[in-house]
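4 protein chains.
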Amino acid sequence: MTKLKWGMIGGGEGSQIGPAHRLGALADGLFEFAAGALDHRPEIGREYAQRLGVSADRAYGSWQEMLAGEKDRDDRIDLVTIATPNATHYEIAKAFLEAGFNVLCEKPMTMTVEEGEDIVRVAEASGNICAVNYCYSAYPMVRQARAMVRAGEIGKVRLVVTNFSHGHHGDAGDADNPRVRWRYDPSVAGVSGQFADCGIHAMHMASFVCDDDVETLSADFASTIKSRKLEDDAMVNFRMSGGTVGRLWTSSVAIGRQHGFEFQVFGETGGLRWHAEQPNQLIYTPLGGRTQIMEKGEGGLHGDAIRLSRVAIAHPEGFPMAVANIYCDLADAILGRETDGLPSASDGVRSMSAVHAAVASAKAGGQWLDARPPMFR
Amino acid sequence: MTKLKWGMIGGGEGSQIGPAHRLGALADGLFEFAAGALDHRPEIGREYAQRLGVSADRAYGSWQEMLAGEKDRDDRIDLVTIATPNATHYEIAKAFLEAGFNVLCEKPMTMTVEEGEDIVRVAEASGNICAVNYCYSAYPMVRQARAMVRAGEIGKVRLVVTNFSHGHHGDAGDADNPRVRWRYDPSVAGVSGQFADCGIHAMHMASFVCDDDVETLSADFASTIKSRKLEDDAMVNFRMSGGTVGRLWTSSVAIGRQHGFEFQVFGETGGLRWHAEQPNQLIYTPLGGRTQIMEKGEGGLHGDAIRLSRVAIAHPEGFPMAVANIYCDLADAILGRETDGLPSASDGVRSMSAVHAAVASAKAGGQWLDARPPMFR
Amino acid sequence: MTKLKWGMIGGGEGSQIGPAHRLGALADGLFEFAAGALDHRPEIGREYAQRLGVSADRAYGSWQEMLAGEKDRDDRIDLVTIATPNATHYEIAKAFLEAGFNVLCEKPMTMTVEEGEDIVRVAEASGNICAVNYCYSAYPMVRQARAMVRAGEIGKVRLVVTNFSHGHHGDAGDADNPRVRWRYDPSVAGVSGQFADCGIHAMHMASFVCDDDVETLSADFASTIKSRKLEDDAMVNFRMSGGTVGRLWTSSVAIGRQHGFEFQVFGETGGLRWHAEQPNQLIYTPLGGRTQIMEKGEGGLHGDAIRLSRVAIAHPEGFPMAVANIYCDLADAILGRETDGLPSASDGVRSMSAVHAAVASAKAGGQWLDARPPMFR
Amino acid sequence: MTKLKWGMIGGGEGSQIGPAHRLGALADGLFEFAAGALDHRPEIGREYAQRLGVSADRAYGSWQEMLAGEKDRDDRIDLVTIATPNATHYEIAKAFLEAGFNVLCEKPMTMTVEEGEDIVRVAEASGNICAVNYCYSAYPMVRQARAMVRAGEIGKVRLVVTNFSHGHHGDAGDADNPRVRWRYDPSVAGVSGQFADCGIHAMHMASFVCDDDVETLSADFASTIKSRKLEDDAMVNFRMSGGTVGRLWTSSVAIGRQHGFEFQVFGETGGLRWHAEQPNQLIYTPLGGRTQIMEKGEGGLHGDAIRLSRVAIAHPEGFPMAVANIYCDLADAILGRETDGLPSASDGVRSMSAVHAAVASAKAGGQWLDARPPMFR
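Residue numbers (numbering that gives the first Met the number 0), protein chains in the order written: chain S, 0 to 376; chain Z, 0 to 376; chain A, 0 to 376; chain W, 0 to 376.
Hints in this document: simulated from the structure, not taken from any laboratory.
The beta-carbon is built from N, C-alpha and C at its ideal position, and this holds for glycine as well.
Certain hints may be false.
What the hints assert, rightly or not - List time: in silico DSS-like cross-link candidates among lysine-lysine, alpha-carbon distance up to 30 Å:
#1 A/K228 / W/K155
#2 S/K4 / W/K4
#3 W/K225 / A/K155
#4 S/K228 / S/K70
#5 S/K362 / Z/K70
Claimed, not checked - Short derived list, chain W residues pointing at chain A, Cβ under 10 Å:
#6 Q15
#7 I153
#8 G169
#9 A253
#10 I254
#11 Q263
#12 Y283
#13 P285
#14 G365
Isolated chain S, as found in the complex (with noise of 0.2 Å):
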């Protein structure tokens, strides 16, 4: 089995995201670490990629190094991850996407719908991959959950509600931590806080379990930090083109919840929850009968849950083995096997869409807006 060939842009010393990715990518073998410009100052990004095994010569000192020197070589990386400020992720993107490489890009895709439309447009063009890293909704049990909904086992779905709340960023006094800091603001945030940074995560489930796309959204956008320019906790209403109502709460205020993502899919037969934090169960009720705990690695399963699951019943897979699961559709997307989940540049500008849309709707009272892109309407 050769390996594809993997590069990264982004994902420095220090940074939460670049050993996420490593570990994703190199667990299961699938790809090697052929090339990385992990830093925008160029002698630590050339060394640290060095000392991460990446030969001298694909060591990059820039993304731009990175893409002249690749785009010509033999051996060319299959893949590049993206994980770089947000503001440079449309950029970089694009100019991969053009030269011909596959991308995954960590959210948000862009900053605009504009961006967004237009990356969705590059990569069809160019007839690359450009998936972006929605990484929970790559859980086998999440697979599971959206397997049982297109399945139609809980029937028609009439109401899908999803929260992703958690409580790190609710010390007022936390104003001048560089890790939460620019969250809430705008220079650097652009339009929307915890909603971008995390509600957004949530949308994309909701999307992606019900099989079906936002259409229109009312929003409640709070600063319960008065200090912060943007929304630390948002409520949003939403409808899917189904007919589907959605709810969704997102919060960086509500301590104690540690992570707080989750997620309840309510059908005309039956029901479904499911919980970031113990990912291996998914909990589901028919219509009339009784509470069931579904478990990774159980008999009859669907596809999907089936094939993203690494070890038996019981033994719990957790978040590195989500985003090793992302690489593994990359792969078999790359390898042109048929693949199904891999969330994709269209994700990408639905969520900026909604980002948008739900700031304009806190703006005017609730208002209820188109959260869809122009090119998807």
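With the hints as your guide, set chains Z, A and W onto chain S.
Only chains Z, A and W this time, still in chain S's reference frame:
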């Protein structure tokens, strides 16, 4: 210890609520069951009351008969509980208050805001107690939560999130089930279905625990079962007078949620969580600290939480004892002792005002509206 | 409905058990509190009984006085509850049984096996009811578990595992705390500490749910707090007459376990789990199937589970209602109705025999011994 | 960073354990997969190793071939993992240790105590690492528990209770299932079934967390499925050298328990609980205080718990990362860095000695026996 005399209107044989009130009133030996008009069919009501131990002369055929019979007795009842169909609460409560009786009224106290304001005025003029049975607020650990908020133990409250979402009306084929049908029939239930039925428990709870009033709200209502004329799922965002942000979700189609009544309160220095299906625990997280499990019966709880508990730590006390706690508070109030947690007629009219505001807001596409009754603006 | 007449011995002011019995006896309106000898100090007992509503002539100064006073009355009590210090149970129970009264005795029924066998014979000869307050067995979902086992719904039982392990005596500095000290003092507690105090609840539960008797046992006792003369932690392995393997752990030094009473039963075709801190759920897993959460109040439960529940599904019922269920069963038994779950004098003597066998086994290095009272060998 | 070279024996295509080791060894980029003898069928093993990226000259047909091929290479493997059938571990481990290789051996390390003592001596004489894969001990919050015990944070340990009880062999009709059958066949499994298979994980865990050794034990074994020649359920009571009381229950017929590996440790000033199905939490109760939920990734954890975690708080890490942690510790040990938690050959022989003592004790009716290997008495 002489027992107080208690009477009941409604709650006839086969009702859910009758036994709950009798158990609540009698469990602690504070009241004796002295009078009753338990059924709209006079003979059946008289017979049933006697079977339950009421003497023949105080087993009445109607509330009017009971009012006439009791009002001039020397040993007249100290308290009457009204557990009749919702639309009759106003008339009966008003009549008994005006005749000088103390009243415990099932929720909703009235069908309109005007009626609610009238009850507040009548109760005030009469000097009698008019309580509303928001009995979940009488669980010991709910009282503990309120006491902690009042004592500043979680700092100024920023956010309250409360749900009352169950799935017991999730079967579309249940259209003719008499326990379900009336709740979505405007001619019986009034302007609202699930929000008026269950949501107002959650809204009262938010006010109770935060010790604050709802000022404005924005609502989204849905009839996820299309044949229903009233909503079976609702989201209400609100603001309290102290600036607290509120989020309330209520549903009757959340299949798999058995009761689904819970609250979370987040302040500047901590968070609290409580769930009505495990009412003896209160989950507390101080800012920057670990989540702690507080137990009914542990050392150092606030006074109300101690007073309203009967058995030792880790011996669960359930719903019947919460109702009994309302009667404990009523006995104290009747005997002129200091009480503090009893839900009042003001709470009753605030609920009704919130229902009407939510209905109007939902119709107006989520417009923010004043949730307060005119008398409290 | 005429109420049955109820009397109580012990359970004076400040005791834990007195209020629990009064609440249990009175909650459902089946009994009236007619007579009492509540304190070993005659005047205090008489005064307290009257304060609780007992008439002056039936507020007695001692159990002997009560026996003399009640036995020739036409309206004598239908049931007497004995909640005095453990060492007095035998004498009082025997005297009341011989005088023709029905008895509910707190556990342990007696201090020795011989006394226990005597009570069984006396009760049988008298034709009266002698029940022992293993009240945990009266939770609706415990009755459901037993009914499922009896109906063969988990197949022949292979294994029962039950624990009653709390941490409330985990403080070595508590040596002089009067609520703790006597439990480890052989002159008061007898031959066993924690096993006799809590373990026998678990052992009765095993027999109750499996509908089978303990035949042999092997025990390991430890005084983890060295100053204690009796065990504060014990493990008892046993075999039931049907061949079922049993494992029972009981501890009072398991810091962090609040109550810690639970059982698991495993049969050829399924398993059941129940936990006294969440008594309204029974966890059921059919062989080869998914774990299901059974709820008190759900459709299709066995008769006892329905009969002994008062409020709707997901409205929790707690410990006071379990005690009340014992009184419901007693009322039925007194009135000559079919009852089935009431713990009997036979259960009482079996417990005492198991205590003595466990003490002997632990002393003999875990030797397997017959756990049955001689009369049942 | 040069990667260490890793080889594997056993773990061929279709095995459970092979992928778990490869993932564990490769996930963090510390090892490269340099050599393998993966199958007892030479050609199949060679082909599979090459498919997994091993070069042709190091894809061996047998362990003997691998030993011969590797021992004189300059770039010989730094570590060999032995994941062959249990009865072969001794011979292979001994041969590789004697040839100067570091070894990670699957459990059980050997089939007899004598063999186990031999491995300890050979490892010591060789100066090489011989670790045993008690991988559950490498979860971050297990390391935290041990560090807390060592630091005296729960005082002197009084009691440890540990279970490894699942229900996956609960089907009597499974007699011919090849994944099940061998475990109860003495000719393959040796003297013990479930205790040797799962119980020793729990026994190692008790020693690991308490930082103490098992000295004596008393056992009760049962074949609840009668056709089984070896036990499918066992209870083992033990005493540690520091006086700690131990209780260990292991079962394979506990239908409904999916994994069922957990421990509770109770000391003079606190208690700890951990459950392998939710491995990222450690439950801590200080004496007289509230139960606290400790989270992997929270501030202030002990060093090992920090070092062996990869992603932020509330992002769960599961079983594959626990195995990877064993490899992290191995890499440190190979590179001469201080390590502390690696399960050693001494742990391996202690387990085997406990198995043989438990078998003998159960046969002798629960007699207390020395559980230590002769070399450690």
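So, going through the hints one by one against the coordinates:
no. : hint            : result
1   : A/K228 / W/K155 : holds (20 Å)
2   : S/K4 / W/K4     : holds (21 Å)
3   : W/K225 / A/K155 : holds (12 Å)
4   : S/K228 / S/K70  : violated (42 Å)
5   : S/K362 / Z/K70  : violated (57 Å)
6   : Q15             : violated (20 Å)
7   : I153            : holds (8 Å)
8   : G169            : holds (6 Å)
9   : A253            : holds (5 Å)
10  : I254            : holds (4 Å)
11  : Q263            : holds (7 Å)
12  : Y283            : holds (7 Å)
13  : P285            : holds (8 Å)
14  : G365            : holds (4 Å)
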